[in-house]
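Undergrad: Here is how the chains run, residue by residue.
Number of protein chains: 2
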Amino acid sequence: MFELALNYGSEPLSIKTISEKQNISEYYLEQLFGSLRKAGLVKSIRGAQGGYVLSRPPSEITVGDVLDVLEGPIEISECIEDEDNCSRVEYCATRLLWIKIRDSVNQVTHSITLEDMVNDYKSMNIITSIKRGE
Amino acid sequence: MFELALNYGSEPLSIKTISEKQNISEYYLEQLFGSLRKAGLVKSIRGAQGGYVLSRPPSEITVGDVLDVLEGPIEISECIEDEDNCSRVEYCATRLLWIKIRDSVNQVTHSITLEDMVNDYKSMNIITSIKRGE
DNA sequence: TGAAAATCCTATTAATTTACTCGGAAATAA
DNA sequence: TTATTTCCGAGTAAATTAATAGGATTTTCA
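From first to last, the protein sequence lines stand for chains A and B. Here the first sequence is numbered in this note's numbering, starting from 214 and rising by one per residue. Here the second sequence is numbered in this note's numbering, starting from 214 and rising by one per residue.
Source of the hints: derived by calculation from the structure; they are not laboratory data. As the structure is a prediction and not an experimental result, all values here were calculated from the model.
In silico lysine-lysine, DSBU-like type, Cα no more than 30 Å apart, as pairs:
1. B/335 / B/234
2. A/335 / B/313
3. B/313 / A/251
4. B/234 / A/313
5. A/313 / B/251
6. A/229 / A/335
7. B/256 / A/313
8. A/256 / B/313
9. B/344 / A/313
Could you build all of it, start to finish, from the sequences and the hints given here?
TA: Okay, here's the thing in structure tokens:
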């Protein structure tokens, strides 16, 4: 998704290209992009010169959106989602803890967009160039 | 650890007792307490009427201390710890993301103490009593 | 002193998850 | 029409997690 964001506005990127740039297996990427497409985060263009593009601008896709699709929403503990399971009061102090951790992660992932990542990446490159004395 | 905190200042709690209160297998608890003891978070008293006690007050043990021992420190991605692995600049934007997530979780877990959990638990019980009209 | 109650220690196992592989069908551009 | 590419579903290997098991050691207490 980072590669698609970097490339946003240009031609579609094929799985083969992304696989090479990010060093992730083609077969595996295929699976991931299947899910991302069904979730509406990317659009696919089939056939030669096809590939994938983001279906929204990078500024409107958060890391959390992507993780929710690829890894599922965070499940720190069953008792958070499945409240009826939690019949035993002793657990409840723990439950509050899991909720705080989950919310904290969601807060981070859903506030960082692909655009942020691209910007971080670009400014990082500039700093690296300066350090090398360029 | 929550049970030990609830019981802090009184007699040692045996694995059998904790197993019953928290509905966790005795065998499994044994393993966990082995690690906790080696890490210095609990003291053991062997023999009849023995068991475990916290080696510091609940206010001085954070949830993060416990999780670091039982689950190991958070490893969101290898490239955070093992910086030399990360030779490819393309990864770096992602790396910053993993660091932010990790730090966020650590911030939560290392700021909540066992005492906090006990207090939450106790005030929760009071509220529950009130709701029941007691 | 001996039996019961505990921890201590190491090895094994079953279920689940994760990353990955594979083969072939369908769509499209050149 | 052929090469390129997505689409789809099934299968696999390694790692992790929670749990199990058995026996040795330590300590209390009657």
